[in-house]
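So the sequences go chain by chain: W and S. First residue of the first sequence: 1, per the numbering used here; consecutive thereafter. First residue of the second sequence: 1, per the numbering used here; consecutive thereafter.
Worth flagging that the hints you see were computed from the coordinates, not collected in a lab. Check each hint, because a few of them may be wrong.
Here are a few chain S residues that sit away from chain W, every Cβ distance over 10 angstroms (derived from the structure) [claimed, not checked]:
{"no.": "1", "residue": "Asp123"}
{"no.": "2", "residue": "Ala244"}
{"no.": "3", "residue": "Gly255"}
{"no.": "4", "residue": "Ala295"}
The list that follows gives simulated cross-link-like pairs (lysine-lysine, DSS-like), each with its CA atoms no further than 30 angstroms apart [as the list claims (entries may be wrong)]:
{"no.": "5", "chain 1": "S", "residue 1": "Lys302", "chain 2": "S", "residue 2": "Lys91"}
{"no.": "6", "chain 1": "W", "residue 1": "Lys180", "chain 2": "S", "residue 2": "Lys180"}
{"no.": "7", "chain 1": "S", "residue 1": "Lys39", "chain 2": "W", "residue 2": "Lys180"}
{"no.": "8", "chain 1": "W", "residue 1": "Lys288", "chain 2": "W", "residue 2": "Lys39"}
Ideal Cβ positions, reconstructed from N, Cα and C, are used throughout, including at glycine.
Number of protein chains: 2
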Amino acid sequence: MSGERAYCDWIAVDWGTSHLRAYAIAGDGAVKAEAASQKGMGVLAPEEFEPALLEIIAPWLGDQPMDIMACGMVGSRQGWTEAPYQQAPCKPLDASFAVPQVRDPRLNVRIVPGVKQLSPAADVMRGEETQIAGFLACHPRFDGILCLPGTHTKWVEVSAGEIVSFQTYMTGEMFALLSKQSVLRHSVQTDAWDAEAFADALADTLSRPERLAARLFGLRAGGLVADLTPAQARAQLSGLLIGAELAGARPYWLGRQIALVGAPALTDLYASALKAQGVTPLCEEGAKMTLAGLAAARDSLKEGSK
Amino acid sequence: MSGERAYCDWIAVDWGTSHLRAYAIAGDGAVKAEAASQKGMGVLAPEEFEPALLEIIAPWLGDQPMDIMACGMVGSRQGWTEAPYQQAPCKPLDASFAVPQVRDPRLNVRIVPGVKQLSPAADVMRGEETQIAGFLACHPRFDGILCLPGTHTKWVEVSAGEIVSFQTYMTGEMFALLSKQSVLRHSVQTDAWDAEAFADALADTLSRPERLAARLFGLRAGGLVADLTPAQARAQLSGLLIGAELAGARPYWLGRQIALVGAPALTDLYASALKAQGVTPLCEEGAKMTLAGLAAARDSLKEGSK
Chain W
1 MSGERAYCDW IAVDWGTSHL RAYAIAGDGA VKAEAASQKG MGVLAPEEFE PALLEIIAPW
61 LGDQPMDIMA CGMVGSRQGW TEAPYQQAPC KPLDASFAVP QVRDPRLNVR IVPGVKQLSP
121 AADVMRGEET QIAGFLACHP RFDGILCLPG THTKWVEVSA GEIVSFQTYM TGEMFALLSK
181 QSVLRHSVQT DAWDAEAFAD ALADTLSRPE RLAARLFGLR AGGLVADLTP AQARAQLSGL
241 LIGAELAGAR PYWLGRQIAL VGAPALTDLY ASALKAQGVT PLCEEGAKMT LAGLAAARDS
301 LKEGSK
Chain S
1 MSGERAYCDW IAVDWGTSHL RAYAIAGDGA VKAEAASQKG MGVLAPEEFE PALLEIIAPW
61 LGDQPMDIMA CGMVGSRQGW TEAPYQQAPC KPLDASFAVP QVRDPRLNVR IVPGVKQLSP
121 AADVMRGEET QIAGFLACHP RFDGILCLPG THTKWVEVSA GEIVSFQTYM TGEMFALLSK
181 QSVLRHSVQT DAWDAEAFAD ALADTLSRPE RLAARLFGLR AGGLVADLTP AQARAQLSGL
241 LIGAELAGAR PYWLGRQIAL VGAPALTDLY ASALKAQGVT PLCEEGAKMT LAGLAAARDS
301 LKEGSK
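Using the sequences and the hints, build the whole thing.
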């Protein structure tokens, strides 16, 4: 062994069902390098996680143990090692990270636990708790509602640094299923976008959520026998679904301070919808908040070992 | 040629996107034989329809031309021959059947046109118009609402023998997508059924349709961190979706005479939901109504040729 030095100070890992992303972090917190693969939790058996991780981070390792902070579905029961849920109300991170068994002694891996809620309704998150922790690290006095739009959008009430309660909406997954797998797929194939059609459809289901079920098939019929364009149909599909979500989540956002955390294309869409309701949300990028949260997790690890 | 006699008087064909079903009908209207294949419209090129039909009806043909009455997606633009939509308000059947080109001179095929609606909202049907015609042949004085539950459930206002207006709900397709392709698939895999869970979920979205989006992910979370069983989750998924449909279709069914036409398992479900709202619908089996409608179509053909 040559006493080879590591390329970075620690490694942040965002490991979801369908993706694996790793970031080499310098001592000053800067991202020195990124790597990614398609080896998400969904395609890996337990013994395949370590090789999948080494495949993308090996160039960053030296001779000594490296802290690796991971979040997401990697910590689910079907993942590498289960990181049992914390129960809300709770701080988004505590120090009880899960530690998977590894063969390579340089891998000092910690997995952030998800958060579950039993009341008022059963709900779970994995990964978003890290983004919430990152958001609170950047905005320590925030008190209000975080909305994290994505495949499974979360609405989260945050107060005094804790997750008070939360609610999940399958809006992103519904959009993907309906636009790719349902009869509507014939009618929404386009990259174009009609912002007015989005706003109108959203206003309709937000004020009358019972119209969601009634209007979906009209996106197909409108293309067949009227002049509905794919750009209008696609924007309407998105608007109908987000409007129905906002109708359901009204107790969360009405009259509250709101922050959006996610991919900019999505947070822009939600921001435009909320602005039409007189709410002006703060926006933060999801990937940035994940890194900030994993950094907070590593800080808590260092504090815990003092 | 031997002067071979045909096995039946005419042939009824129900030809949808994913199925082909044919019935040999005697002179007295009795079904003498049935045959089916998986060669639905969705898997056939235009030149493949005639062989697919002959494959299952050849044993019923003699030397002479045979009347074959067909309905469903076989008449769509992507089908055998387009049978252009009639426009509602209209009678469910008129005599303008489409006639596909055939090589076998014994095939005297007629395809029933679908029905389109431009106002109050764009909508289309293909196949249901034949069931409606069959229902009206059995109940000639019916005035009220027909509900035809299925992949794409139709609510149809019928008056004076005409389709006045209609509205389509994608409830069946949504249930299939969510129960087989979404994250909920992990939570609803069972053949068991919890009638109470169905009724409770249905009552919830029927009275508060904005709860649909809020409750779907709870079917997954409830199985992970609470004690929700697959039988409860599956029945709740169905109840949430049908409740949201009934909320949207309330202007159709509230205070009206209702008849349900479809597969008994589905019409029973809708009947139980409507009975809980104080509405007692008449039920008819969908396949029987399709045959009655195709018989009415053939009768109109004979009258037209007098």
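Do the hints match the structure? See the list:
no., hint, in the structure
1, Asp123, "violated (5 angstroms)"
2, Ala244, "violated (5 angstroms)"
3, Gly255, "holds (17 angstroms)"
4, Ala295, "holds (28 angstroms)"
5, S:Lys302 <-> S:Lys91, "holds (18 angstroms)"
6, W:Lys180 <-> S:Lys180, "holds (14 angstroms)"
7, S:Lys39 <-> W:Lys180, "holds (23 angstroms)"
8, W:Lys288 <-> W:Lys39, "holds (21 angstroms)"
Violated hints, listed in ascending order, are 1 and 2; each of the other numbered hints is respected by the structure.
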